[in-house]
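Just so you know, the protein sequences line up as chains A and B, in that order. For the first sequence, this note's numbering gives the first residue as 1, with consecutive numbering after it. For the second sequence, this note's numbering gives the first residue as 1001, with consecutive numbering after it.
Do not rely on the hints blindly, as some may be mistaken.
[As the list claims (entries may be wrong)] To spell it out: a stretch of chain A is covered by chain B in this simulated footprint if at least three of its residues, at any positions, have a beta carbon under 8 Å from a beta carbon of chain B; those stretches are: (1) 246-253; (2) 256-268; (3) 301-310; (4) 401-411.
[Unchecked claim] Computed list of lysine to any residue pairs in SDA-like fashion (alpha-carbon distance at most 20 Å, straight line): (5) A/K335 - A/V271; (6) A/K36 - A/E231; (7) A/K69 - B/V1072; (8) A/K69 - A/L213; (9) A/K272 - A/R120; (10) A/K69 - B/A1047; (11) B/K1025 - A/V247; (12) A/K69 - B/G1049; (13) B/K1025 - A/F254; (14) B/K1025 - A/P348; (15) B/K1025 - A/G253; (16) A/K69 - B/R1048; (17) B/K1025 - A/E255; (18) A/K69 - A/T227; (19) B/K1025 - A/A405.
Simulated from the structure, these hints should not be mistaken for laboratory data. Every residue, glycine too, gets a C-beta built ideally from N, C-alpha and C.
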Amino acid sequence: MRFRHTPYSGWRLLREALADQQGWTPAWEDRDPSNKYDIVIIGGGGHGLATAYYLARSHGIENVAVLEKGWIGGGNTGRNTTIIRSNYFHPQSAALYDLSVSLYESLSKELNYNIMFSQRGMMEIAHDQPELEAMARAANAMRINGVDIEVIDREEALRREPLLDPSPRSRWPICGALLQRRAGTARHDAVAWGYARAAASRGVHIIQGCEVLGFRQDHRRVIAVQTNRGEVRAERFGLAVAGNSSVLAGLAGFELPLQSYTLQAMVSEPVKPCLNMVSLSTSTGSYISQSDKGELVMGGNLDRSPSYAQRGGFRITQSVIAPLLEMFPCFSTLKLMRQWGGTIDASPDNSPIIGPAPLDGLYLNCGWGTGGFKAIPAGGTMLAHLLATGRHHPLSEPFDYRRFARGELVDEGHAGVAH
Amino acid sequence: MQILPCPYCGPRSDAEFHYVGDADKPRPSRDCSDEQWVQYLLMRRNARGAARELWVHRSGCGRWLVLVRDTVNHEVQAAEPMNR
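Starting from the given sequences, assemble the full structure and let the hints guide the process.
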């Protein structure tokens, strides 16, 4: 039985306004697990929900379940700083992340759900001439890869973001920047809910509070998962659990080249619109943008010790904020309102792992590290293709886990920035 | 911020320490296969909860140590010299 939601439109808004808002239905339905599906996706974050949606829409496979141990979008999808960009160095990464930006551009219309994608642009700020020259080299590589990117000078950067400190005596002076005009931010909860709603309307079961506790295997083929709500069988299984990928891999009996760390994010008290774009300081790793609610959203480097705590320490909080206050001195009077952390899965080459697992019937989508949110539509497209066909999408081929043994790393450690 | 124990120096600030990888991982022989080498070099247990980790007291005595640490609440149960 399919769940039907109310389509969203201006006309519908008007009708409900005149009818006491009585006609709205829930966006999607929380289901109980059946014992058999064609495909089961473990992890109800953005990547898992997007996978379910593309399975139904692009491959016509609707007997699909998404198992989420908590609530949908409650992990990294709800904990990131919502930045979307594709300024990556290597052609393999550029193709993947640029597909993601393109899919984001049409996502609100496609899902009939406003994900509030605001392509306000992003500046990667260089603080000295050598850094700007290194950026120009990266920009050339990105342009060859077909990514819209340009180098702008100090005056242009200051014109675009007038609150930047223009003083050459600043601790982090503004020397120039790398500009991606198509980059921006989106509403993270809306991305999760938009995919969930569109998937559920095509027959996908979204099952919350359902934690996978083990894998049942037959001759190295996964045939079922044991959960706290009973056993669920399927033909194929997808794993999209970000920071918990190693934990699930451990339950299935293999290891991944991933290490889980805490990545913090934080917001100031809300203020009137004052920032035009996303600004990132490449030297320090700190970045800042303003949410639609007016909060300044900030993030930066990882906490230094492996962790599943989902909360970060003060040392990193301080190291994120300090350079931003040097660049934007007027923000020093603002209060920090909230600070939180998510568990990210760092891979050896800072590129994702997409492809078949060492066990038959199980497919991986993990290792996105600090940059998973921006990749949600692409990650979902890739994992859906793998689950539907059993084969790689051409764009996911370079990200198979077997690249490590072959030495074919896609090293985005320095050229691309984190987040 | 956290105070971590060094088996040589006693309690020190975590800023002095650097995480290296899984402890007790045997290095394969020189004629191992690519898969065995990757298993040693890149694969991680990445345990949730109790873990045995190799650290180096980089900005302190410079020596290597094993921390028995919980990766969820960050409690350190023990600090041992690295086995040679």
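Outcome of the hint check:
1. Here's how the stretch 246-253 of chain A fares: 3 of its residues keep a CB closer than 8 Å to some CB of chain B, so the rule of at least three is met and the hint holds.
2. Proximity of the stretch 256-268 of chain A to chain B, defined as three or more residues with a beta carbon under 8 Å from a beta carbon of that chain, is established by the 5 residues found.
3. For the stretch 301-310 of chain A, the proposed coverage by chain B is satisfied: 6 residues have a C-beta within less than 8 Å of a C-beta in that chain, meeting the threshold of three.
4. Figure legend: the stretch 401-411 of chain A, annotated as covered by chain B; annotation consistent (4 residues with Cβ-Cβ distances under 8 Å, at least 3 required).
5. For the proposed pair A/K335 and A/V271, the alpha carbon gap of about 11 Å is at most 20 Å, so the pair holds.
6. For the given pair, A/K36 sits about 9 Å from A/E231 by alpha-carbon distance, which is consistent with the 20 Å threshold.
7. A threshold of 20 Å between alpha carbons decides the hint, and for A/K69 with B/V1072 the separation of about 17 Å falls inside it, so the pair holds.
8. Restraint check: the Cα-Cα separation between A/K69 and A/L213 comes to about 10 Å, which is no more than 20 Å; the hinted pair holds.
9. With a CA separation close to 16 Å, the supplied pair A/K272 and A/R120 stays within the 20 Å bound.
10. For the hint linking A/K69 to B/A1047, the alpha-carbon distance of about 18 Å falls within 20 Å, and the restraint holds.
11. The suggested pairing of B/K1025 with A/V247 holds, with an alpha-carbon distance near 19 Å, which does not exceed 20 Å.
12. Annotation: proposed proximity of A/K69 to B/G1049 holds, straight-line Cα distance about 18 Å (limit 20 Å).
13. Distance check on the hinted pair: B/K1025 and A/F254 sit about 16 Å apart at the alpha-carbon level, within 20 Å; holds.
14. Restraint check for B/K1025 and A/P348: the C-alpha separation of about 18 Å stays at or below 20 Å, so the hint holds.
15. Proximity of B/K1025 to A/G253 is assessed by CA-CA distance (about 17 Å); at most 20 Å being required, the pair is judged to hold.
16. Between A/K69 and B/R1048 the CA atoms are separated by roughly 16 Å; this keeps the pair inside 20 Å, and the hint holds.
17. Of the supplied pair hints, the one linking B/K1025 and A/E255 holds, its CA atoms being roughly 14 Å apart against a limit of 20 Å.
18. Taken as a hint, the A/K69 and A/T227 pair is honoured in the structure, with Cα atoms around 9 Å apart against an allowance of 20 Å.
19. Straight-line distance between C-alpha atoms of B/K1025 and A/A405 comes to about 18 Å, which keeps the hinted pair within the 20 Å bound.
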